[in-house]
Amino acid sequence: MIILVVALLLLAPAVFDLCRRPVLRRLAFRNLRRRPTEAMLVVLGSLLGTAIITASLVVGDTLDASVRDIARVSQGPIDEQARLVGTDHLGDLESTLRTSVIPHTDGLLRAVWAPVAVATTDAIRRAEPKAVAVEVDFDAARQFGGDPPATGLANAGVTPNPGEAVIASDLAEQLKVGPGAPLQLFAYGTSLVVTVQKVVPSVGLVGWGSDGSRATTVFVAPGVLEAMAASTPSAAAAAAASPPNAVVWVSNSGGVFSGVRYSHEVAMAMASRVTAVPGTEVTEVKHDTLDDAVRAGRNFTQLFSSIGSFAVIAGVLLLVNIFVMLSEERKTELGVLRAVGLKRRHLVRSFGAEGSIYAVVAAAVGAALGVVVGAVIALVTRGLASGSDTRVVVRFAVNASTVRDGLCAGLVISLGTIWLTSIRLASLNVIRAIRDQPEPPRRSLGRRRGTALVATLAVGIALVIAGFSGSQSALLLGPSLVIVALAWFAYSRRPGRLAPSLGALAVLVWCIGSVWIVRDRMRDAPLSTFVVDGLILVGSAVTLLVLNADLLATVSTRGKAALTARLASAYPLVRRYRTGLLLGMYSLVIFTLTFLATFSAMLSAQGPDLLASTSAGYSVVVDSSPTNPLTAETLRSVEGVSGLSIVRRGSPDFTTDWQPERLSWPMSGFDHSVLDRGVIRLQSRSPQFPDDRTVWEAVLTDPSLAVVPDYFLRVNTGPVSHRLEVGDVFQVYDRLTGSTRQLKVAGVVAGDWAAYGAMVGKDSITSLLGPAAVDNRALVAVDKPRDADVVADRITGSLLDHGADARTLRGIIDDGLSTQAGFFRLMEGFLGLGLIIGIAGLGVVMVRAVRERRRQIAMLRAIGVPVDGVRRAFLAEAGIVAVAGTLLGIGLGLITAYQVLMVSTTFGTMPLDFVVPWATLFVIAVAPLAASLVATNVPARRASLIPPAAALRIAD
Amino acid sequence: MGALRGVDLEVYPGELVVVMGPSGNGKTTLLNCLSGLDDIDAGTVFIDDFDLHAADDATRTEHRARRMGFVFQSYNLIPVFSAVENVELPLLLLGRKPAVARKMATAMLDRVGLGARLGNRPGALSGGEQQRVAIARALVASPAIVWADEPTGNLDAETAEAVLELLLEVHRDGNTLVLVTHDRDVGIWASRLVRIVNGRVAADEASLR
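Protein chains in written order, with my numbering: chain A, 49 to 1004; chain B, 992 to 1200.
Calculated from the structure, these hints are not laboratory results. Every residue gets a Cβ at the ideal spot worked out from N, C-alpha and C, and that includes glycine. Incorrect hints may have been included.
Listed next, with one range per pair, are the computed distances between beta-carbon atoms [said to hold, decoys possible]:
| no. | chain 1 | residue 1 | chain 2 | residue 2 | range |
| --- | --- | --- | --- | --- | --- |
| 1 | B | 1110 | A | 514 | 45 to 53 Å |
| 2 | A | 392 | B | 1042 | 56 to 64 Å |
| 3 | B | 1046 | A | 982 | 25 to 33 Å |
| 4 | A | 499 | B | 1117 | 50 to 58 Å |
| 5 | A | 993 | B | 1163 | 38 to 46 Å |
| 6 | A | 497 | B | 1163 | 30 to 38 Å |
| 7 | B | 1048 | A | 77 | 48 to 56 Å |
| 8 | A | 69 | B | 1195 | 55 to 63 Å |
| 9 | B | 1049 | A | 468 | 57 to 65 Å |
| 10 | A | 541 | B | 1049 | 51 to 59 Å |
| 11 | A | 497 | B | 1117 | 25 to 33 Å |
| 12 | B | 1048 | A | 80 | 34 to 42 Å |
One chain only, chain B, in its complex shape (with noise of 0.2 Å):
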C-alpha cells in the first residue's frame, strides 16, 4: 500500500498552502516528495520547468540549496554552530565568502528578532528562539520556497502564535510557502489549504479565511 496516491496538485508563487490532515496519513511524505528529499515510485514533480525526480541525487541536492528552504518541527539545528553559523551554512553551499555570507546571516538573524543572540549555540537557545534561526537559515539564500513540517508543533501556544507571525510575514514579502500541520489555528490562515486523509488529497479549497 503506498503512502501517497493520485496527488495531483499545483502552488503557485507567492501562494501559502497549508497541508492538513490526522497523523500518519501523508502529510511529511507529500512534503518530502515534493521537495525532492524522498523519492517517488511514480509521477512527475516540476518546480517551474525543472522535472525534480528525473535528475540525479547531486543534481536535486544542488537545486535545493538553490531553490528551496526548510523548517523542521525539531528545528533541526547544527548544535556545535552559533545561531549566525546555522543561518550562514546555506550561503556558503552557494560559493558565497565568509565575509559576505556573515553579512547576509547577520542580517536576516536581525530580522527575525536575534540579532542579540548570533553567538549563541541552539542549547542555549529556548525553542522558540531555535525555530526562528531554523526560519532565517531557510530564507537566507532567498529559495524560491519554503518547506515547513509542523513548525509550531514543539512549541508553547505563544511561541508558536509568535513563530506562526514569523512565517506569515515571510510569506507576506512575497515568499511561497507550503506548511504541513495539523493545528486548525494555522490552517486558518492558508491562502489554500489541502487535506490528506489516507494518502490521498481529500480536498484543496481557498482559505478558510
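One chain only, chain A, in its complex shape (with noise of 0.2 Å):
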C-alpha cells in the first residue's frame, strides 16, 4: 500500500497541471503529438523496467501458490498429526487424544502405515519401489475436516476388505493399471496380492506422505501391514525391519488453509495430552509445508528481483537518456519561453506532467507484459520441475495486488527519475538556452552542491561504520561515496579530469579488492550485496571510460576511414554525460548475463570432480523399504556388483546454536566397509587429524563425532548465514526414546548428493535412535564403472520385494547439476528483458540523434559526405557505444564471478575451478550487437537519405 500512495503523490501535482493548467496541459499534448514516434520511444524504455519488476513478483505469487498447493494435495485436512513407530500404543494415543476436544479443532483420525513396494503381476512388471501402504477406516476418513473432496476419499466406497486395495491415482498412471488389476505388495519379507477396486484423486489423505513428489498411497484393509510384520520370514529380517507406524491425525477449524492459524496452539495441546504415551512425535505439518511455501515463494521473488534490478536500473538510465535528450532539443523554445514569463517550477511541471503522461501509460503496458513474462516463466519452470521427481506442479497464479504493486513500483521508479530529470534541466540560463550555448563549468562548489558534498560524506563514514557492523553492502558503498565526496571535493578545486578519474579508479580498485582486502568480513555475503558490487563498479567502470576515452581514441586510418571513426566518436567523446548513461545502461545487462553464464558454467563444470570426492570408490546407491531392508547378502548376489557397504538411517531432530527449533534432518551410520575402497572428501577437518582417513576412522568409533554438510541444518536457500564449523557441537534428539546426545563436528564435506546428512559410526547411530533406525541403504561398488547404470538397473529390477531403488552416484549428481543449469537458463532468459532495454535503448538515442543532427547531416551530405558515409558513421557511432558496453560488462561480470565463487562462500564452499564459458560469452557478446546494429540501421539510413538543401533550407 505504501508505494501505492508514493505512486499517487508524484502522480498528483501532474494531474492537477493537467486538469487545472490549460497553458502546461497545452504544452504537455502538443510535444506528444509533435512527435509520436519519439513518445513511443520514450514509452518502450521505461515499459520494460515495469514488466521486469511485475514478472519478479508474479514469480514469486506463482511458486508461492504452487508449493502451497502442495499442502492441499498431500495434507488435505490434516493440519498436525501424532506420530508413533509400532501400533501398541495407538489405541492409548487416540483415547488420549480424544479425552476431551482439542479447542479450535473439528476432527481426528487414526491410521497406521508402512512403506511397502509395489509391482504389477504381469509378464512386464512395472513397480514402485517406495509407495506408502496405509490402513484407514473411510467412512471416518471422509468425515475428517467436514471436506469429504479434500480428502481424497469422497468417491473411494467403503474401506477395502482383505485382498483389496484403493490406489492414488499418481501410482495408477504410473502402473498403467486401473480397477480390477491384481498389485502385488512388497513387505517384511512376504508379499501380498490385493485387487485394485478404485482409484482415488491424489489429494488430501490420498497425498499424504509424498512431501511433494507423486503420491503412492495404496490403502488396504485393516490388520493386513501387522499381519504382514508378523510373518516375516526369519528373525533377523524381522529385526533389521522397522515396524508398521501408527498415527493420529487432527484437523483444525476452517478449511484447507485458514485452519492453519490454530496449528501452534493445537500442537501445543496435543503435545500436553501426549505425554504419557511414550515415542509420540507431534508435528505441525500443514504449518511447515505452508510456511517453507511462504519461504520458497520469497526466496524465489527476491532472486528475481535481484537479478532484474540490473534491467530495472538499466531502464531508468535510459529514461533519464531520453529525457536529458528532449529537454535538449527543446533547450532554445525553453529559454524563450523562461523569457516570456514561465516560472523555474512551471517547467518543472510542464516537464512533469508530460513525462507522467508517459510513465502511466508505460506502467500500465509494463504491468500487464509482466504479468505475460511471468507467465512464460512459470510454462519454463514447469519444464524444470517436471524433469525432477518434485510433484510441485508449478501452476502459474497472480493476485491483483501483485499487479498493482508492480504497476506502481514502475510508476514510482519512472515518476521519480521524470521529476528529478525535470528539476535538474529547469535549471538553464535563458540567454544561454535561447542562444543554444553550452552551460559553463562551475567553478566553484555554491552552498547547495557543498551541502550535498558534505551529505555524501557522513552518509559515507556512516555506511562505512556499518559495513564494519556487519553489513557487507555498506562495506562496499561506505567507502565508495567517501571516495566520490573526497573526488568531488578536490574537482571543485581544481576543475579537470584528473580528480574524478582518480576517483573512479580508487572506488574500482575498492570493490574488487574487497573481498580479498576485507576478506573474513565478505564472507556469507548474500546476493544482494553482488548486485550492490556490480552497480558500483559498473558505474566507476564507465565514469572512468567516459573521462578518458579520448586519450585511447586514435585515428591512424586514412582517408574516408580515418572520416567514418572520425564522425562515430566524435559525438559519444563530447557528449560524456549522454555516452556515460547509454554505457552504463548496456553494461550492466551485459556484466549480470556474463556473471550468470560464469557462474553456471562453473557449477556444470565441478561435476567429475564432484563424483570421485563424495564417492569413496562406489559407484551406486541403493535404497530399500524400511519394512524389508536389503541384506549384504543379496545384494552379493547381483551381477556385477563387487563390494558394498551398508548404510544405518534414521531421521532424527536437531538443534544448535544458531538452531535452536527441532529440526529433522536424515543421519547415516557407516561401518569401516565404508573405507575400504577410498574416502569421502572432506572440506575441513579438524586440526588434530592429519588426513581426511583418520577423521572418518574415529568417527566410525567415537560416538561423540560426526561429519556433517556444509549446508547442514541449513533452511535458507541461497548464501549461508549459518554453518556448523569444525569444532562446533550440535544436539541429536530422538523424538521416539526421547533420548539426546550432544555431537562434535570432525569434519565438513562439500554438498551433500546421496543426503547422508550427519555422518556418524553404525553403533553411534543404533545407540541413539535404536529400532528407528535401519540399514535400508547400501553403497554399491561394480566391477566395471561404465557398467554403473546396467548393474543399478539390475537391482532395482531383480529386488523389487525389497522396495530396491538403485541410482548411480554419477546419475544423481548429474541431476542435480541439470536441474541447477536450467534454472540459470532461466534466469538467463528473464535478464533477456534487460537486453531488450539495452538494445531498445540504443536505437531509441540513436533515432533521436537523427533528429537533433539533422542540419549538421546536411551540411555533410553538402560538402561531399557520400550517402554511404553517413549510414556508417551512424553504424559505427552504435558499434562504439554497444562495443565498448559489452566489453566492460564482460570483462567485470568475470571479475565479480570471480570474487563470488573464488573467494566469497555465499554460494557454498565447495571447492570450484574458475571457467570461462567462451562459448556462451560469444553468443553474449556478439548476438546483442548485431542486434544493436540492426536497431540502428533503420535510424541510420533515415540520416543518409536526408535531403541537403530542404535540411538547410529548414534550419534557416
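Take the two lone chains and join them into the complex the hints point to.
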C-alpha cells in the first residue's frame, strides 16, 4: 500500500496541472502529438522496467501458490499429526487425544501405515519401490475435516476388505493399472496380492506422506500390515525392519488453509496430552509446509528481483537519457518560455506533466507485459520441475495486489526519474538556452552543492561504520561514497578530469579488492551485496572510460575510414554524460548475463570432481524399504557387484546454537567397509587429524564425533548465514525414545548429493535411535564403473520385493547439476528483457540523434560526404557504444564471478575451478551487438537519406 | 508554380557573382540547384564539362567534395568538432592523410586569422569567428567554386564587414565566388550582379561599382 501512496503522491502534481493549468496541459499534449514516434519510444524504454518488476512479483506468486498447493495435495484436512513407531500404543494415543475436544479442532482420525514396494503381476512388471500402504476407516476419513472432497476419498467407496486395495491416481498412472487389476505388495520379507477396487484422486489423505513427490498410496484392509509384519520369514529380517507406524491426524477448524492459524496452539495442546504415551512425535505438518511455501516464494521473488534489478536500473538510465535528449532538443524553446515569464517551477511541472503521461501509459502496459512474462517463466519452470521427482506442479498464479504493486513500483521509478531530471533540466540559463550555448563548467561548489558533498561524505562514513558492524553492502558502498565525496571536493578545487578519474579508479580498486582486503567480513555476503557490487563496478568503470576515452581514441586510419571513425566517435566523446548513461545501461545487462553464465558454467563443470570426491570408490547408492531392507548377502548375489557397504539410516531432530528449534534431518551410520575403497573427501577437518581417513576412522569409532555437510541444518536457500564448522557441537534428539546426545563436528564435506545428513558410526546411530535406525541403504561398487547404470537397473529390477531403488552417484550428481543449469538458463532468459532495454535504448538514442543532427548531416552531405558515409558513421557510433559496453560488462562480470565463487562463500564452500564459458560469452558479445546494429540501421538509413537542401533550408 | 523559371546563367572562372533579390523569390533555390544540393525538374547545369544533374547522387556528392565549397548563413559547423577538425573535414573526405589534413587546416585557419583558436569548438567562438571557420572549411580543399548563402546574414555590421572583406580577399586570390545576399552593401562589390525576382532572372549586369 505504501508504494501506491507514493505513486499517487508523485502523480498528483501532474494530474492537477493537466486538469487545471491550460498552458502546461497544452505544452504537454502538443509535444506528445508533435513527436508520436519519440513518445512511443519513451514509453517503450520505460515499460520494460515495470515489466521486469511485475514479472518478478508474479514469479513469487506463482511459486508461492504452487508450493502452497502441496499442502492441499499432500495434507488436505490434516493440520497436525501425532506419530508413533509401532502400533502397540495407538489405542492409548487416540483415546488420550479424544479425552476432550482440543480447542479449534474439528476432527481426529487414526491410521496405520508402512513403506512398501508395489509391482504389477503381468509379464512386463512395472514397480514402485517407495509406495506407502495405509490402513484407515474410509467412512471416518470422509468426515475428517468436514470436507470429503478435500480428503481425496469422497468417492472411494467402502474401506477395502482383505485382498482389496484402493490406490492413488499417481500410482495408477505410473503402474498403468485400473480397477480390477492385481498388484503385489512387498514388505517384511513377504508379499501379498491385492486387487485394485478404485483409483482415487491424489489429494488430501491420499497424498499424505508424498512430501511433494508423486502420491504412491495404497489403501489396504485394516490389520494387513500387522499381519505382514508378523509373518516375516526370518528373525534377522524382522529385527532389521521398521514395524508399521501409527498416526493420529488432527484437523483444525476452518478450511484446508485457514485452519493453520491455530496450528501452534493445537500442537501444544496435543503435546501436553501425549506425554503419557512414550515415543509420540507431534508435528504441525500443514504449518511447516506452508512456511516452506512462503519461504520458497519469497526466496524466488528475491532472486528474480535481485537479478532483474540490473535491468530495472538500465531502464532508469535509458529514461534519463531520453529526457535529457528531449530537453536539449527543446532548449531554445524552453529558454524563450522562461523569457516570456514561465517560472522555473512551471518548467519543472511542464516536463513532469508530459513525463507523467508517458509514465502512466508505460506502467500500465509494462504491468500487463510483466504478467505475460511471469506466465512464460511459470511455463518454463514447470518444464524444469517436471524433469525431477518433485510433484510440485508449477501453476501460474497472480494476485491483483501483485499487479498493482508492480505497476506502482514501475510508476514510482519512472516518475521519480522524470521529476528529478526535470528539476535538473529546468535550471538552465535563459540566454544560453535561447542561443543554444552550452552551460559553462561551475567554478565553485556553491552552498547547495557543498551541502550535498558534506551529506555524501557523512552518509559514506556512516555506511563504513555499518559495514564494519556487519553489513557487506554498506562495506562496499560506504568507502565508495567517501571516495566520491573526496574526489568531488578535489574537483571543485581543481576542475579537470584528474580528480574524478582517480576517484573512479579508487572505487573500482576497492570494489574489486574488497573480497581480499576485508575477506573475513565479506564471507557469506548475500546476493544483494553483489548487486550493489555490480552497480558500483559498472558505474565507476563507465565513469573512468568516458572521462578518458579521448586519450584512448586515436584515429590512425587513412582517408574515408579516418572520417568515418572521426564522425562516429565525435559525439560519444563530447557528450560524455549521455554516453555514460548509454554505456552504463548496456554494460549492466551484459555484466549480469556474463555473471550468470560464468556461474552456471563453473557449477556444471564440477561434475566429475564431485563424483570423485563423494563416492569413496562406490558407484551406486541403493535404498530399500525400511520394512524389508536389503541385506549384504542379497546384494552380493547381483551380477556386477564387486563390493558394498551397508549404511544405517534414521531421521532424528537436531538443534544447535543458531538453530534452537528442532529440525528433522537425515542421519547415516557407517561401518569400516565405507573406507575399503577410498574416503569421502572432506572440505575441512579438525587439526588434530593428519588426513581425511583418520577423521573417518575416528568418527566410526567415537560416538561423540560426526561429519556433517556444509549446509547441514540450513533452512534458507541462497547464502549461508550460519554453518557448522569443525569443532562446533550440535544436539541430536530421538523423538521416539526421548534420548539426546551432543555431537562434535570432526569434519565437513562440501555438498550432500546422496543426502547422508549427519554421518556417524553405525554403533553411534543405533545407540541413539534404536529400532528407528534401519540398514536400508547400501553403497555398491561395481566390477566395471562404466556399467554402473546397468548394475543399478539390475538391482532395481530384481530386488523389487525389498523396494530397491538403485541410482548411480554420477546420475544423482548430473541430475542435480542439470536442474541447476536449467534454472540459470531461466534467469538468463529473464534477463533477456534487460537486453531488450539495452538494444532498444541504443536504437532510441540513434533515432533522436538523427533528428538532433539533421542540419549537421545536411551540411556533411553538402560538403561531399556520400550517403553511405553518413550511414556508416551512425552504425559505427552505435557499434562503438555497444562494443565498449559489451567489453566492460563481460570484463566486470568475469571479475565479479571470480570474486563470488573463488573468495566469497556466498554459495557454499565447494572448491571450484574458475571456468570461462567462451562459447556463451561469444553469444553474449555478438548477439546484442548484431541486434543493436540492426536496430540502428533504420535511423542510420534515414539519416543518410536526408535531402541536404531541404534540411539546410528548414534550419535557416 | 516553380520556384525558378527560365534561368539562363553562366559563371566564369574568377568571377564574384552576387545574387540578389527580395526574400522568398528564389535566390537560395538558385544556389542549391546550381551547386547540385537540390534537384531540378528541367534544364541542365554544367560545371566545366560536367553535367551535374545527369549524374547520380553519389557522383554529384563526390563532385561537390572535389570542386565546391559552401558557406551558409548559420555557419553549420559540426558542434562537437573543434575549429581545426571542422576545417580538415573536406580534406579527409578527399582521402588526405590525417596529418597532412591537419597541417593544411591549421594553415587555412591561420590565414583567416584564427590561428590561436584551433582547438575551440563552435560554442566557444563568436558568430564572426564561426563564419571564418566556415570560410576556411570552404576553401581548404581548393575548390573550383565557392557558394555562399547569406554569409553575413547573422552578423552585426562590423563583423559582417570583416567577413565580407575576407570573402573579397578569397576572390582576389583568384577563387570563383557565387554569393547570395539581400544586402546592398555586399552587392556593390560584385563583378556581376544577378537579380532574381519571382523566380526569374530580372537582371544580370556588371557590378555597380
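Taking the hints in turn, this is what the structure says about them:
For residue 1110 of chain B paired with residue 514 of chain A, a C-beta distance near 47 Å keeps the hint of 45 to 53 Å intact. Hint check: residue 392 of chain A to residue 1042 of chain B, Cβ distance near 58 Å, so the stated range 56 to 64 Å holds. For the pair residue 1046 of chain B and residue 982 of chain A, the supplied restraint of 25 to 33 Å holds, since their beta-carbon distance comes to about 32 Å. A C-beta distance of roughly 37 Å is found between residue 499 of chain A and residue 1117 of chain B, which places it outside the suggested range of 50 to 58 Å.
For the hinted restraint 38 to 46 Å between residue 993 of chain A and residue 1163 of chain B, the CB-CB distance of approximately 40 Å keeps it satisfied. Under the hint 30 to 38 Å, the C-beta atoms of residue 497 of chain A and residue 1163 of chain B, about 54 Å apart, miss the expected range. Checked against the given bound of 48 to 56 Å, the beta carbons of residue 1048 of chain B and residue 77 of chain A, roughly 39 Å apart, lie outside it. Between residue 69 of chain A and residue 1195 of chain B the Cβ separation comes to about 58 Å, which falls inside the hinted range of 55 to 63 Å.
Range check, residue 1049 of chain B to residue 468 of chain A: Cβ separation about 47 Å, and the 57 to 65 Å hint is violated. In this structure the supplied range 51 to 59 Å holds for residue 541 of chain A paired with residue 1049 of chain B, their Cβ-Cβ distance being about 54 Å. Between residue 497 of chain A and residue 1117 of chain B the C-beta distance comes to about 30 Å, which sits within the given range of 25 to 33 Å. Checked against the hint of 34 to 42 Å, the C-beta distance between residue 1048 of chain B and residue 80 of chain A comes to roughly 35 Å, which is consistent with it.
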